[in-house]
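Undergrad: Chains as they are written, first to last, in our numbering: chain A, 1 to 101; chain B, 1 to 531; chain C, 1 to 203; chain D, 1 to 490; chain E, 1 to 681.
It is worth saying that the hints were derived from the structure and are not from the lab. On a predicted model such as this, the values are computed, not experimentally measured, just so you know. Incorrect hints may appear among the rest.
[Said to hold, decoys possible] Across the chosen pairs, the derived CB separations fall in these ranges:
#, chain 1, residue 1, chain 2, residue 2, range
1, C, D139, E, I680, 17 to 25 Å
2, B, L230, D, F423, 53 to 61 Å
3, B, K480, E, T631, 25 to 33 Å
4, C, V23, E, V655, 49 to 57 Å
5, D, G50, C, T193, 23 to 31 Å
6, B, V507, E, T631, 35 to 43 Å
[Stated by the list, open to error] Here are the simulated EDC-like cross-link-like pairs (lysine to aspartate or glutamate), alpha carbons at most 20 Å apart as the crow flies:
#, chain 1, residue 1, chain 2, residue 2
7, E, K659, A, D92
8, D, K376, B, E172
9, B, K23, B, E172
Cβ atoms here follow ideal geometry from the backbone N, Cα and C, with glycine treated the same way.
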Amino acid sequence: MIPLQHFLLIGAVLFSLGLFAVITRKNAIQILMGIELMINASILNMVAFGKYDKIDNTGQIFGLFIIILAAASVAVALVIIMNLYKRTQTIDPNQTKSLRG
Amino acid sequence: MGLLSVLIFLPLVFGILILAMPKSLNAWFKYISLAVSLVQLAIASYMYYHFKTGDAFAGVNQLSQYQWLENLNWIRLDVGQFGVLQIDYLLGVDGFSIGLIWLSALVMLVATLSSWEIKTNLKGYFALFLLLNTAIVGVFCALDLFLFYIFYELMLLPLYFLIGMWGGVRREYASIKFFLYTLFGSVFMLLVIAGLYLSVIDPVTGNHTFNMVYAMNPANYIDGSIFNSLSNAEIFGFPARTVGFIVVFIAFAIKVPVFPFHTWLPDAHVEAPTPISLILAGILLKVGGYGIIRIAYGIFPEAAMSLSFWMGLLGVISIIYGAMAALAQRDLKRLVAYSSVSHMGFVLLGIASLTSEGLNGAMMQMISHGFLSVMLFFIVGVIYTRVHDRDIYNFRGLANKMPVFTGFVMIAFFASLGLPGFSAFIAEAFTLIGAFSSQTLNGLLPRWMAMFGTLGILLGAGYLLWTLQRMFFGKFRVKKEEWKLALTDVNAREIMVLVPLAAMALVLGIMPSIAFNVMSSSVNQFLLMFK
Amino acid sequence: MPGMRAGKTVRKRLKFRKEKDVVEQIIFYILTAIAIGSAAYVVLSQQLIRSVFMFFVTLFAVAGLYVFALADFVALTQIVIYVGGVLVLLLFAFLLSSKDALDTISEIPSGLLSANRLPAVLISLAFFGLLTYTFFNIDFQNLNWITSAQASGNVKSVTDDTIRNIGVNLMSRYLLPLEMISILLMMALIGATQIARKEPKAL
Amino acid sequence: MQDLPNIQQTTTDIINSLAYLGSEWIIIVGFLVIILTDLFVEKSKMFVAGLAMLTLLTSGAFLVHDLINFQNSELLFNGMFVFSKSAIQFKLLIVAVSLFSLVFFYQDHRLTKHPKGINDLISIFLASILGMFLLVSSANLLMLFLSIEMISLASYLMVSYNAYQKKEAEAGMKYVLFGAVASAIMLYGISLIYGFTGTINLYGDALIIGLSQIGIGASALAIILVLAGISFKLSAVPFHFWTPDAYQVAPTSVVSFLSAAPKIAVFGFLYYLLPYFQIGDTINQFILFAAATSMILGNIAAVFQDDAKRMMAYSAIGHTGFVLMLFVMPQALILNAVLFYLAIYSIANIGVFMSLSYIENNYAVVNISGFKGLGKNIPAMGVCLVILMVSLTGIPPTAGFIAKFLVFSSLISFNSASIYITFLLVIAVLTTVVSLFYYLKIPLNFFLKKSVGDLPIARNSSVLVALAILLTFLTVLFGVFPSLLNALIG
Amino acid sequence: MDSVFTNYQILCFALTAITAPFLAFVFSLIFKKLAGAFGIVSITVSLVFSAILFFSIWQKQTFHFSFSWIKLGNVSVNIGILLNDLSVIMLLLVSFVALLVHIYSVEYIRKEALRYRYFAYLSLFCFAMLCVVIADNLFILYAFWELVGFASYLLIGFWFTKKKAVQANKKAFIMNRVGDVGFLIGLMILLSQFHTLDIETIFGAKGIIHSSFIHNGNWVSPFASIPDYWLTIAGFCFLLGACAKSAQFPLHSWLPDAMQGPTAVSSLIHAATMVAAGVFLLLRVSPLFNDVVLTTMASIGLLTAFMAATIALTQNDIKKVLAFSTISQLGFMVLAVGVKDNAAAIFHLSTHAFFKCLLFLAAGMVIHQLHHVKDDTKTKFDEQDMRNMGGLARFMPITTVVFIIAALSLSGLPFTSGYLSKDAILISVFEWASERGGVYWLFPVVISITSWLTTFYIFRVIFKTFFGDFKLPALINKKEKELHLHDPNLWMKIPTIILAVFCFGFFFALNPFSLEGSWLHHAFNLEPHAGGLLHLFVPIYINALSLVLIASAYFIYAKNKIVFTNHKSWYYQFSYHQWYFNVLYDKKLVGLILWKAKITFWFDKHIIDGIVHLSAKAILVLAEIVDWVDTHIVDAFVNGLANIVSSWSVWFKSVQNGKLQHYFIWMLFIFLSFIIYKVII
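Work out the full structure, taking the sequences as your base and the hints as a guide.
TA: Listed below in structure tokens is the structure:
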């Protein structure tokens with residue numbers, strides 16, 4: 001048996017890496033990827049804990065919902081990002097800083 | 001609908017009427033305002049005349065002893081766990097308020113007459129003016145803290161616009177400063193009001209209440225509530241009641257204004273149009289004094305007593321500081337504004353003394369300053385409307401050109417520097433006497449405070465006489481040639497304004513008992529709370 | 001189809017797992033290493049397109065980890081939706097948006113030069129440290145709910161039919177969320193198409 | 001099969017639950033019908049508007065019906081959905097706000113003159129209302145996650161709906177990425193809570209028992225992570241960064257909606273959540289912190305804003321902090337104050353945005369410094385703005401004052417001796433004073449400053465004028481007779 | 001104690017006496033043309049009723065009427081009328097002198113366009129002064145005391161276009177205010193100690209002041225007990241009030257400046273009546289003073305008398321000399337009160353009123369006539385400067401005569417009223433000094449010297465003005481005949497002549513040499529003086545020397561036998577001249593005195609006045625500082641708060657820099673900090 005902690009630690013690593021990506025990447029899509037990493041960490045947690053929830057199966061089902069939702073939100077986010085690209089020809093979040101103050 | 005309600009809401013109704021009237025009727029607005037003011041004055045006079053005096057009508061902390069009492073259930077807001085938010089439409093008058101109500105009515109009348117000089121956007125002006133009128137009278141009538149607070153704050157907005165739209169060059173700065181300053185104090189006061197509400201219960205209904213008369217009775221406080229004197233609650237390590245007192249005091253001290261909360265005043269006064277200066281000086285400052293007496297001292301008597309020394313000290317500092325600052329001014333209006341700081345310092349000193357003389361003196365000073373500062377500001381306005389300049393150095397020997405005006409100026413100046421025969425003399429003398437005897441009677445204020453306070457009288461003579469000498473006497477000479485034609489003597493309307501004010505100052509100076517009679521039993525009753 | 005192939009590999013490994021725990025563990029840690037390593041590459045790489053492709057690997061590896069948590073359906077969904085949908089979407093977006101960037105790799109700003117890097121490292125490490133600290137302070141095997149689950153046999157075993165369970169649960173216990181997410185997806189669909197739609201010339 | 005749930009029971013529960021969700025069903029139906037209408041009916045703009053209006057009204061009617069007929073709280077849909085009086089009240093508030101917003105959408109030139117039509121926006125709008133309803137009624141973390149995502153996605157879409165300018169697109173991107181990060185964090189928190197407690201149900205004891213077992217540190221971590229997502233929707237500090245950008249460039253009517261409705265929903269949920277996360281004082285401290293910083297930042301940063309909507313965004317942050325203060329108190333004490341405050345805030349806020357939109361429609365100015373001298377041209381609007389601003393500041397005799405007072409008195413009565421609460425109160429008071437400064441900037445420019453050039457006479461959007469006046473009137477009316485409003489929302 | 005009049009009638013008389021001038025004041029302002037008539041009629045009425053009151057009250061009874069004016073808690077302020085010997089004599093004196101001045105003024109002020117104001121102000125003054133005199137209550141006394149000052153302010157500044165005049169009236173009022181402050185504090189002390197301000201109740205024969213005592217360092221009264229130094233302070237406060245009003249050192253410098261007003265006004269207000277009010281106040285509250293205060297008072301009186309006399313020696317402005325003379329004489333009175341001889345003070349007050357008033361009026365006649373000359377010839381010269389006069393006796397005999405009579409009285413020569421009153425003071429001082437001995441002997445010595453100096457300077461004026469060469473024609477290049485210089489008309493002459501009559505001693509005592517025979521002095525002198533020898537000795541030595549001094553002054557100023565302008569030659573000439581009173585009046589002494597006079601004047605002008613100016617300056621500087629503090633500290637503090645808010649605002653704005661990832665950093669940083677705080681700590 002793999003100890004629960006190991007799943008959690010992997011999740012933590014993924015989450016932290018996601019955060020790192022979110023902060024450092026110079027491309028909105030890469031930021032989105034970072035976010036996906038974070039979400040994956042959550043799913044991992046969910047399914048890992050879901051092992052002890054056979055009947056209600058909350059963990060796994062939650063995981064499914066997350067995946068679906070992530071897909072939806074990625075779609076929406078990408079549309080918006082592409083919209084930005086259409087207007088500005090860049091998706092570097094540091095290049096687009098006309099809104100400030 | 002009681003008399004007080006009529007008094008309060010009459011201007012509001014007509015203000016709305018003016019808003020509804022078409023712009024083509026511009027010329028009528030001032031007459032409507034004038035009529036409203038006259039009716040108000042008539043009502044106020046009627047009330048003053050019929051005001052019953054004596055210990056059975058002292059008011060203060062006895063609700064039944066208030067006169068023209070109006071009590072309606074106004075707001076019954078269910079706030080869940082704490083029960084019902086009980087706010088009453090509670091109006092009443094006692095010896096402390098009746099004089100100020102009358103004063104307000106008079107000052108409003110004068111201010112209306114003075115509003116003739118306003119030429120732009122009359123509709124907005126008079127609508128706001130009447131709204132302000134409502135708020136001011138309401139403040140003096142309200143006996144419910146919540147109602148009081150509403151009227152209190154309601155004064156700010158019209159004033160903001162009246163100063164901001166019809167004011168002088170730096171009007172924006174002045175109006176926002178005024179607004180922020182006052183709001184700063186009053187919002188903190190709101191916290192105390194909320195605390196009081198939660199501490200006080202209506203002995204009749206058992207609900208929490210905003211009734212400020214009930215709040216004066218320690219028996220009405222819930223055990224263990226924050227402002228119960230027995231519960232020893234603390235805020236930031238200080239006794240809650242002391243903190244409450246200080247907060248309320250500061251809120252009103254800003255209004256009075258007391259050093260070091262006074263700096264809004266010169267700016268606001270200087271930038272305000274003349275009628276608004278009149279109202280500011282004549283009534284608004286009194287709201288502060290009234291609030292200190294009625295709310296700060298009335299509700300937190302023991303905290304007030306323990307801090308009376310500091311109150312007195314602030315009073316003395318204000319007296320001297322204001323006078324000193326006035327000496328340094330060369331803008332006539334600023335000078336008058338600082339003189340208000342000085343004169344209102346007497347009010348605080350008198351209140352802090354907690355003696356019969358001191359309190360009566362303070363009340364008298366408020367009323368007296370009401371007339372005199374209005375007169376002074378009006379005088380400034382007379383010059384300003386003619387040449388749009390107020391610099392003392394730009395004028396000389398005005399007495400040659402404007403003899404009647406100079407006569408009024410002299411009356412106003414000498415009256416406000418405390419010449420006997422005028423009300424300010426009685427007021428200041430009694431204030432000082434009260435402050436002096438305080439140590440013997442209740443040991444609150446050391447005697448040197450009164451002695452230093454007398455310096456204010458001396459300095460007052462200094463700046464006023466200097467101005468008189470510099471501006472009015474000597475050979476006629478003004479800065480610009482065209483002013484010579486513009487500086488005409490006072491016209492009939494201006495005389496109409498000045499005469500009643502001078503007369504009132506004189507009448508009160510000779511027969512102060514007119515004012516003292518109505519207030520003395522209230523003062524006595526008030527002082528009993530500090531025994 | 002790389003996705004399908006990855007799925008098969010996982011299945012094969014499942015069979016081996018019964019025979020030897022050690023193998024299972026080894027595979028688990030290999031997967032872990034792949035997942036973390038590829039994720040790190042995704043995060044750190046300065047080459048856009050490679051990092052995107054490396055993200056495939058990460059997702060696959062994580063899906064593998066799901067299997068170890070006895071969530072084969074979730075793993076499948078991950079592959080189908082994430083890899084098949086999301087990632088392809090990302091890739092398209094990439095291709096659309098970074099045409100120029102793809103040509104010249106050097107144009108991509110270096111992560112090293114980024115002013116955000118240090119705070120990012122600090123924040124990520126802090127988060128990681130915090131999480132690790134928390135996880136090691138908790139004795140998961142003795143948590144009430146886990147012990148009671150173990151006591152009542154409410155623990156998954158490899159033989160369980162999770163798909164059936166999920167199906168039933170979705171249609172009963174989780175019916176409302178399921179319905180909701182349909183609305184949500186529809187809304188997202190409408191909105192996304194609306195925004196992506198080419199605006200009429202009139203504007 | 002013992003590893004399956006009791007299907008019989010869950011199905012019965014679902015069937016029993018159906019009747020309670022009348023208002024939600026109606027919205028779903030409306031949503032679908034509008035999509036279909038948009039697809040198959042030509043020139044359907046006004047028709048869709050009517051439909052949406054009908055949907056909202058019917059939904060509201062159901063809510064009123066529920067409010068009158070049901071008193072008890074019930075858990076529906078196998079513990080997914082909580083049906084309670086307070087939830088209905090919040091929902092009613094949302095419906096009311098939505099009704100105003102709906103009318104507003106059709107007065108906003110940026111939306112009505114949109115070449116792609118407004119119908120899609122309406123459907124997204126309805127979906128987001130559904131999300132809000134579900135959020136208010138969320139009984140577990142799954143529902144919380146889904147509904148928050150639903151609102152968020154809808155918000156992203158609405159903000160970016162007609163993002164043709166660079167700025168608009170940029171704001172949309174920032175909003176969506178920020179939101180995604182926040183929801184990822186929240187998700188992680190949810191997963192931890194699930195792991196720590198084995199349940200995602202908020203009700204019942206399992207959550208609290210589980211959380212208390214793992215100790216304060218770990219539970220605090222989980223709880224705070226969850227609160228991140230909630231704070232994001234509230235735009236509380238430090239999750240506020242998207243707010244000014246999104247508010248500044250989104251269509252005014254959308255901002256008006258987003259500044260009010262989602263907040264009501266989130267507060268409604270927070271209200272429900274309050275008793276369940278009380279492990280240690282984590283949640284209280286978080287709220288304390290968020291409230292204090294939000295009030296300070298929101299009010300102070302607003303001072304030098306020139307863009308009116310951006311200023312309102314910061315003001316919204318400040319108000320969020322103000323309402324959040326209430327949540328340091330036990331659940332039982334705050335309902336009325338929260339509802340009252342939110343209602344009043346929404347009224348004033350929508351009123352302000354309507355006025356701003358009116359100005360934007362007529363004069364194409366969005367900067368406060370561009371409002372110079374407008375008071376002469378549109379005095380009625382100016383007066384409305386003044387009163388609404390005063391209400392937002394919380395000065396009598398407007399309703400904002402009563403609301404503020406309720407908050408203050410609730411806090412004082414709860415525990416004025418606590419030094420934290422006293423600090424909070426002091427901050428609230430000080431920031432109120434600061435807030436006056438920027439709120440007054442609009443009237444200042446309107447009335448106190450002279451216009452640079454001649455301004456044309458306004459002619460458009462008389463509906464907005466009427467609505468703004470109505471809202472202003474309500475502000476004053478509820479200020480003088482707050483019991484009326486209380487009767488309405490109670 | 002039987003009186004011909006009932007109390008009610010007395011009240012009516014008193015009220016009439018004081019209201020008449022007030023009505024005149026009001027009507028003068030309304031009916032401008034009749035102002036003079038109103039003034040004269042009203043003051044005549046006052047005089048008549050004063051006389052009636054005098055005869056019904058004097059030495060017969062004390063009349064006290066009061067009613068409650070203000071009642072507040074435990075304090076009730078009554079106002080009313082107190083008529084006792086002091087009141088009625090003052091009443092009579094004031095109204096009498098005032099009447100004469102009114103009459104005189106008719107001519108004096110004839111050419112002024114605004115003369116109605118003059119009479120109005122004069123009436124106002126009379127009203128206030130009469131009220132001061134009969135006030136039964138210190139509070140009311142204080143009120144009218146200030147009103148008197150106000151009237152004086154108005155009158156000094158009557159020529160308000162004259163810069164000096166307005167400066168002078170401002171100075172007068174403000175310096176009086178200093179005294180008022182003292183008075184007011186005194187009032188406060190008394191009120192808190194006795195709970196009343198009624199003069200009769202506190203200071204009367206059975207007044208409560210007598211039942212108060214010092215016990216254990218506390219001043220105990222029936223109502224309260226306060227530390228004993230308050231008794232002294234109270235005394236000093238009243239003394240301060242009196243010093244300001246009576247122009248005593250160091251608050252005397254307003255009086256010479258006040259000579260900018262019309263001379264008739266100077267005569268009435270700044271010589272006869274108002275300045276005496278200070279002394280009057282001291283008399284009213286005299287039981288209050290303890291030894292410290294009394295000694296101080298005596299010292300101040302002495303110092304003032306001496307200083308002013310020495311200053312008067314060298315002044316060339318005729319009115320200035322008289323002003324300093326007034327200060328000096330008031331110093332005598334204060335000294336008298338200080339040595340506890342109230343009777344002498346009152347007596348001197350009364351006699352001084354007549355002769356000093358006369359001096360001023362006579363000087364006024366000179367000035368008036370010279371002014372006419374100036375107008376007629378359209379030339380410019382200072383009509384008040386004695387250096388432009390000389391030999392006027394030829395043209396204005398009556399003026400000269402009355403002036404000399406008054407001067408004699410001032411010098412205290414026999415047969416004059418001054419002789420009696422001044423001797424009374426001197427004797428008291430001698431007695432007082434002999435009781436105490438030691439350094440107190442300085443008092444009689446100095447006061448004697450002062451007395452001689454008085455003689456000298458006043459005769460210097462006489463000789464410079466009325467005798468010697470007529471310098472004016474040379475000055476303005478006109479012949480004497482062109483000047484048309486003569487005595488003024490009857491309006492001015494008659495009052496002076498009447499006053500001159502009253503300068504003679506027999507009016508006050510049948511035996512003009514006997515102080516004991518003076519009815520006025522006798523009335524107040526409760527403890528007759530013991531030393532009979534002094535009565536003989538003091539007048540003789542004083543007067544003898546005075547005569548010598550007159551003679552010397554004659555030679556110095558009228559004959560120009562001794563020229564002071566050149567010190568060297570002066571010294572020389574003097575030794576050669578046969579007039580060597582080397583022992584008593586040697587050149588050195590005169591030189592010393594003159595030098596001293598100059599020094600004193602310099603001192604007065606630069607140090608005392610300088611201090612006054614300096615303190616005014618200091619206050620102004622302080623005012624500037626306060627103003628600075630106000631704008632730069634108090635207001636800056638407020639603005640500083642605003643700045644804090646704005647700097648935070650700027651900071652918040654800079655955080656919101658548009659970079660999404662910075663937002664993430666901020667967000668996560670804050671968030672993480674909070675979590676770490678919660679999880680770890």
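Undergrad: None of the hints should be skipped; say for each whether it holds.
TA: Quick rundown of the hints versus the structure:
1. D139/C / I680/E: 17 to 25 Å: The hint (17 to 25 Å, Cβ to Cβ) holds, given that D139/C and I680/E are roughly 19 Å apart.
2. L230/B / F423/D: 53 to 61 Å: 26 Å, violated
3. K480/B / T631/E: 25 to 33 Å: Holds, at about 28 Å.
4. V23/C / V655/E: 49 to 57 Å: Since V23/C and V655/E have Cβ atoms about 53 Å apart, the given range 49 to 57 Å holds.
5. G50/D / T193/C: 23 to 31 Å: 24 Å, holds
6. V507/B / T631/E: 35 to 43 Å: 39 Å, holds
7. K659/E / D92/A: Given that 20 Å is the threshold and the Cα spacing comes to 10 Å, the pair holds.
8. K376/D / E172/B: Distance ~17 Å between K376/D and E172/B Cα, so the pair holds.
9. K23/B / E172/B: 26 Å, violated
Of the numbered hints stated above, those contradicted by the structure are hints 2 and 9, listed in ascending order.
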